[in-house]
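Protein chains in written order, with the numbering used here: chain V, 1 to 239; chain A, 1 to 298.
Calculated from the structure, these hints are not laboratory results.
No false leads were slipped in.
Think about it this way: if two alpha-carbon atoms lie no more than 25 Å apart in a straight line, the pair counts; the simulated SDA-like pairs of lysine to any residue are: (1) V/103 - V/86; (2) V/126 - A/22; (3) V/57 - A/190; (4) V/69 - A/124; (5) V/103 - A/122; (6) A/256 - A/147; (7) V/57 - A/196; (8) V/69 - A/204; (9) V/126 - A/21; (10) A/19 - V/138; (11) V/126 - A/205; (12) A/19 - V/90; (13) V/103 - V/45; (14) V/126 - A/16; (15) V/69 - A/123.
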Amino acid sequence: MISVEHLTVNFGPSVAVRDVSFTVAEGESFGLVGESGSGKSTILRTMVGLNRDWTGKISINGADARSAKRRDLARIVQMVFQDPYASLHPRYTIGQQIAEPMKINGIANPDARVGELLDLIGLGAKFQFRFPHELSGGQRQRVAIARALSLSPRILLLDEPTSALDVSIQAEILNLLNRLRKELNLTFVIVSHDLAVISYMCERLMVMRNAEPVETLSREQLRAGEVHNDYSRQLIAAS
Amino acid sequence: MTTETIIDPRRAVREASLKELRSFMRRFLRNPLGVIGLVIVLVLIFCAIFAPLIATHDPYLPTLTARLSAPSADYWFGADELGRDIYSRLVYGSRLTLLIVGLVIVTSAPIGLLIGAVSGTVGGWVDAIFMRITDVFLAIPKLLLALAFVAALGPGIVNAALAITLTAWPPYARLARAEALVVRNSDYVNAVRLAGASELRIILFHVIPMCLSSVIVRMTFDMAGIILTAAGLGFIGLGAQPPLPEWGAMISTGRKFIFDQWWVATIPGAAIFIVSLGFNLLGDALRDLLDPHLRQRN
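Bound conformation, chain A alone:
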């Protein structure tokens, strides 16, 4: 069977996927708030990557003469109680923020996705067991479990991330299961089932791709929550340890001077606010595009 043009199949598939991606980007750019969110997130990533180039001072170097100095040409956002430049600490702190967010997302989303997809697709007692475990984790107060976990393992960034993961995966499992329940009896899954596909193949290649979009949306929304939780842990001294420039910990030290030197606590607080807002705006725009239940509208 010869066709009019001989095409390299792999390249053609890549081009077809690229075309999908481009149309997705076009629709995304139509949402100005989503673009603002994306810009904020990109700025955060940019700061984290190029922190040494952007920062004006060494974030760890105390300058006793500049203790608690107000924002000025030299110290853009002022200096903290040890005379460290708050702007530089903020820039370096973006690395810690991204590290925690990344660690939590990379661990919790796949765990939840896999558990949810398996339990939704297989059903029966597997579903019952997985979902009861999920219920148990959902019933535990988030911050409390994280606190207990960090208290047991000792404070630190990685432990804080692990603690947040422990409480962050169940919503993903719920979400993936709900999608899997719909997909598992759909005709396109039945068609591959008739072709003799194993349940593992069905879950990995046919169910999980359909769960991905809602998981991605949930992930972006979650990132804001993770940043807040991580900052909360830092604030009560169980997250990043001094002298690390973690934003929550920075607020915590600034608390003592909040009436006289407002910038020490306010600037990192504003950073947390803006970044969380950015992730939320991005998540909202992604949901408008990806959510299968909203999709019919456009």
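Pulled out of the complex, with its shape left as it was, chain V reads as follows:
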């Protein structure tokens, strides 16, 4: 479904990601773990084309991420951002924001689907007439997920989807995401600094440090402690 080969991303003279390769199968949930600044979020942003300066090869559902048109890519892959307080436009109602991607892509009858999506993520259709500042962080993150799902993508990239929320809400959002993955047969790539989140959500994960991949583990290996690298061991011990 996703294959990333020898991806290197530069921000001017500094290297944000160095020679990263991984593949994600359809329906799988893949995690990227590491401390802040290790380049995990940059990989996601590069996959959806928010960074321009990169080398290597990214292919998403058979399409090359560099040459594919953004509209075509939009139907396959969408992203949920880290901070729900920054990812919703403050001047538009929830319904308008969820409908916007559908309007851009000329999908018929977006208003009806907004109601469906809001029911799907557990807020209810009446929320579509609220403004973002009337919602809590968890509710906003649900809206962001609904917006990401509005084009019925097959892949969802989640950039620290719960790190801005408090612990009780985190579990709610994670369970919602797991339910959606099962119901809609989605493929996830999740970025987090929290190993607990990753081990709960992902079948496989890659540990990153200083822009470089350290090692790739399965959930079973992680839980059994079958870790070969010292840094991964430290990370597990710390969590």
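Since the structure of chain V is already known, use the hints to place chain A on it.
Structure of chain A alone, referenced to chain V:
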């Protein structure tokens, strides 16, 4: 998917926006100075609309027997050197003031907003070119460019307004660009970008709404400046031409009698002062409410 109530979506959106507006009004009314400013501006607009009903005399009709007469029951604010009622001229002059302010704002704010939003969002060489043009206009002394422009095109209200526009748009471009630079990389803009939105759509529907509040605040502050500049042009004879009752031109004619008949120059001067103050107070109150950098405070 049926919900408990079937609601007309368009009406619900309108109601949601109305609710926002009401809460905005409530917060505005908490600021007494802002309310004073708003009242002054509303009185000005009221005078302009109903000038023929409010005025006691014909503003253009000379009454030679009443030349330079002092304020009295008949001539509330006195009469000028041709015996025209200053109060009536003041009331009619509010139309000219509003006309100039309106013309300048309607032309300069959208131009600046568009240039700033495009250059901030697109970046690169577009940004470089637009901003250097803006710098050039900012470097020219305001009144001087207006003078040269009016001198070239001939005096008159519309030309004066155009001349002021020419120098009034660059601050809006700067302002809009600064906001656009922040907004263009925000997650909510990235989200619509991921959905395949064109840059034009992003600028028009996602960046510009975020620039609007600071532009509106700047606009209200600018109105005071525009009134002063317009009066200045009228004063040196390059704005509204006689017999139009433009306030600046009225001061200019009253200058000759300032020691003996003080009211001829003072009354229009006071009008300019009060109206400028009103716009400034209004602008200040709006800034307290709209400025994104001050917003966290309340």
